[in-house]
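**Q** Sequence:
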Amino acid sequence: MGKLGKKARKFAKKNLQSVLKRQRKVKSFFKKKASKRDGRAQAEDSDGEREEKYSGRNNEVEDFKDISLDIVFGEDDSDMDGDDSDSDGYLSEDTSCSYNGETRIENHLEEYNGGGDLSVQNKEIHLELAKKMKRLNNLKAKDPEFAKFLESSKEHLQTLRDEENQYSDEEESDEDGRESTNKMGNLSSSTVDSLCELVKEQNNVPAFVRLLNGYRAACHYGSESPTIVEDSHTFCKILTFMLHEADNIFRKILGISGSNDRKEAILELKNTSKWKTLKPVVKSYLRSTLFLLNEVTDSQILAFALTRLKASIVFFAAFPPLLGRLIKISVHLWATGKGTLSACSLLIIKDVAVVFNSNCFETCMIKAYKAFIDHCKFVDPVLFKHQQFLKSSFIELCSQDLQKAYSKAVVSIQQLAKILQLGLRTKKEAVKKICSWQYANCVDLWVAFISLNIHDYDLQPLLYTIIQIINGVAVLFPGPRYMPLRVKCIQWLNTLSESSGVFIPITSLVLDILEYKIGKESSKPGKDFSFSSAVKLPKHWLKSRNFQDECVFSAIELLAVHFAQWSYHISFPDLATIPLIYLRKFYETTTIESLRRVVKRFIDQVEQNIEFVRKKRDEVTFSPNDQQSVESFLQLEKCGGNAPFTKYYTSVIEKAGSRNLLMNGKISSLEQKKSKGKRQQTPKNAIKVDLAVNAEGNSH
Numbered sequence: 001m002g003k004l005g006k007k008a009r010k011f012a013k014k015n016l017q018s019v020l021k022r023q024r025k026v027k028s029f030f031k032k033k034a035s036k037r038d039g040r041a042q043a044e045d046s047d048g049e050r051e052e053k054y055s056g057r058n059n060e061v062e063d064f065k066d067i068s069l070d071i072v073f074g075e076d077d078s079d080m081d082g083d084d085s086d087s088d089g090y091l092s093e094d095t096s097c098s099y100n101g102e103t104r105i106e107n108h109l110e111e112y113n114g115g116g117d118l119s120v121q122n123k124e125i126h127l128e129l130a131k132k133m134k135r136l137n138n139l140k141a142k143d144p145e146f147a148k149f150l151e152s153s154k155e156h157l158q159t160l161r162d163e164e165n166q167y168s169d170e171e172e173s174d175e176d177g178r179e180s181t182n183k184m185g186n187l188s189s190s191t192v193d194s195l196c197e198l199v200k201e202q203n204n205v206p207a208f209v210r211l212l213n214g215y216r217a218a219c220h221y222g223s224e225s226p227t228i229v230e231d232s233h234t235f236c237k238i239l240t241f242m243l244h245e246a247d248n249i250f251r252k253i254l255g256i257s258g259s260n261d262r263k264e265a266i267l268e269l270k271n272t273s274k275w276k277t278l279k280p281v282v283k284s285y286l287r288s289t290l291f292l293l294n295e296v297t298d299s300q301i302l303a304f305a306l307t308r309l310k311a312s313i314v315f316f317a318a319f320p321p322l323l324g325r326l327i328k329i330s331v332h333l334w335a336t337g338k339g340t341l342s343a344c345s346l347l348i349i350k351d352v353a354v355v356f357n358s359n360c361f362e363t364c365m366i367k368a369y370k371a372f373i374d375h376c377k378f379v380d381p382v383l384f385k386h387q388q389f390l391k392s393s394f395i396e397l398c399s400q401d402l403q404k405a406y407s408k409a410v411v412s413i414q415q416l417a418k419i420l421q422l423g424l425r426t427k428k429e430a431v432k433k434i435c436s437w438q439y440a441n442c443v444d445l446w447v448a449f450i451s452l453n454i455h456d457y458d459l460q461p462l463l464y465t466i467i468q469i470i471n472g473v474a475v476l477f478p479g480p481r482y483m484p485l486r487v488k489c490i491q492w493l494n495t496l497s498e499s500s501g502v503f504i505p506i507t508s509l510v511l512d513i514l515e516y517k518i519g520k521e522s523s524k525p526g527k528d529f530s531f532s533s534a535v536k537l538p539k540h541w542l543k544s545r546n547f548q549d550e551c552v553f554s555a556i557e558l559l560a561v562h563f564a565q566w567s568y569h570i571s572f573p574d575l576a577t578i579p580l581i582y583l584r585k586f587y588e589t590t591t592i593e594s595l596r597r598v599v600k601r602f603i604d605q606v607e608q609n610i611e612f613v614r615k616k617r618d619e620v621t622f623s624p625n626d627q628q629s630v631e632s633f634l635q636l637e638k639c640g641g642n643a644p645f646t647k648y649y650t651s652v653i654e655k656a657g658s659r660n661l662l663m664n665g666k667i668s669s670l671e672q673k674k675s676k677g678k679r680q681q682t683p684k685n686a687i688k689v690d691l692a693v694n695a696e697g698n699s700h
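In full-length UniProt numbering, the protein residues as written are 1 to 700.
Treat the hints with care, as some may be off.
Once the Cα atoms are required to be at most 30 angstroms apart in a straight line, the calculated DSS-like pairs of lysine-lysine come out as [unchecked claim]: (1) K338 x K433; (2) K377 x K418; (3) K132 x K148; (4) K385 x K427; (5) K432 x K370; (6) K263 x K350; (7) K385 x K370; (8) K252 x K200; (9) K385 x K350; (10) K270 x K200; (11) K418 x K428; (12) K328 x K377; (13) K350 x K428; (14) K200 x K263; (15) K148 x K200; (16) K200 x K132; (17) K408 x K517; (18) K274 x K252; (19) K385 x K432.
Simulated restraints on C-beta separations [to be verified]: (20) Q403 x T426: 36 to 42 angstroms; (21) Q403 x K585: 49 to 55 angstroms; (22) T650 x Q403: 34 to 40 angstroms; (23) S189 x S392: 28 to 34 angstroms; (24) T577 x N625: 21 to 27 angstroms; (25) S68 x Q388: 20 to 26 angstroms; (26) K585 x H540: 27 to 33 angstroms; (27) R425 x S658: 40 to 46 angstroms; (28) D458 x T650: 28 to 34 angstroms; (29) S68 x L254: 41 to 47 angstroms.
Think of the hints as simulated: they come from the structure by calculation, not from any bench. Just so it is clear, CB atoms sit at the ideal spot from N, CA and C, and this is done for glycine as well.
With the sequences and hints as input, model every part of the structure.
**A** Here's what the structure looks like:
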């Protein structure tokens, strides 16, 4: 008997009772066997799946936590940021005082750390308190009204305590301030003049201490209510005199020459009586100057104070906490300031890295790197110049100790690669981080670092890693809206290829730009938009004529840079063949005459260079295996710049520069008009202007 047809089988399943009974028996038989054997296995599998799910979630959370670009360096704020003194900063003007108050603090610490029995008692007290807290929490859970009563009583007690503390603090501060000012007395302009003469002519230490207390009060002007400085004129006199003369006086007393910037010069004097006497005086001057740098906002005063403090960097060897504070303030002013202020701050950072080397260099580099990342989250034509200065000065700092800079660069580039891997796994947070100016500027920073130092040092591992990262970013964002980011990636690859001499293929990335589908052209040309200040284009810009023009101009400029690097190489005819085929096809399909002219001229220039290289290549007698002869091919012509493509390349770059300047100039003028705000001059600002005038007069 043959097999039943499809319709017959359906009818049997639905209507015949014998078939249904048989199916039920078979199902129940297999269920019984499976339930006995696989019961335990299913339980284990379910537990394993749960663990995998939870572990997967935890891994994702950890990955998202590690997305930050500077997290790899951790917290570099060590004990150097603290302060090793709890005094108010004023020095005793009693002549019998030797300014050595460090022993009292050390003895107090020894007494505090010496009691071992106290630690046992503290543990017992903590255990008892924990038991009582448990009981109290149980009562709160059982009786909600009791919990409300406790909360209300806590708030009432806290307000009473705050009032008492505030009243007592005010009384203590007033009393301390009155006592200190009463002891020292106010400083008038004539008093300051006489004290300055005593210090200059006789090196009078009590007069210098009196001026130093006045300097401390001047630096805290406005932040402390009782002050010994009478008016703004006295304020300016004290500041300018101390900033000019303090370093010279310290060096005269200690016998250190003005050109001696070795930290060992201070460390060797640590046990001498001269240093023990002068140490509190030096410390007071450094602390007051650092406080001034934190309070003042006028860039001229800040630059002047930094310049004078730079001469006294060697004295920070005796005060590591103050050195850490100096690094922190200098890096902040380097990143936030502009012009002269940033340059003076950079000189301080470089001097600290040279004088104190090792750990201080790493601290300076890490803080500078974090500051650079924080201040490069956005790019516009107004900030572009300052950001370029930050980048070049950071690379200059790294060049002082390339071995340590290399290790930090490896860590940072690995973090860039990790974020890119997360982005390729379609993690939204990582993709947002990659498509940002912060990520792009970080890549740009290390590209510039590698390009500058690759000839003198072996940076090949960094080179190949950063090339893979750049290619990955270009692949991750292929759409037309990400065209500025893709252009930036190709520019980085061209820069690395030119500096290292390694051939990096970029033609496929460039030709993809010409394949972007452009929407229906609108009659309006579109708003002015700066490609240099964006990583992603607005949607409305994709339909404008400007976008199509930018695609063609960018492709031609990038190919011109790439071909210019290899225009004298023996393989140039083979390198340019495929791009020419594609460009001819694009030339035939494009209807816009202005773009056709640009593409046609580029094709003609490349063809001329192909003929030039091919003629020279036909005349050679060496084989392709002779690497040395291949590398020396057309080197004389390259030095003279005789190739046809060289002149065309320079004209393309000049036009590209003028086009970018024109676009950025329009946008920057609008942004500058928005950002300009009128500042009212307060009495404190008037004092700062007066100080700046005095400082300039003294420097001249």
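**Q** Hints broken by the structure, by number, lowest first?
**A** 4, 13, 15, 16, 17, 23
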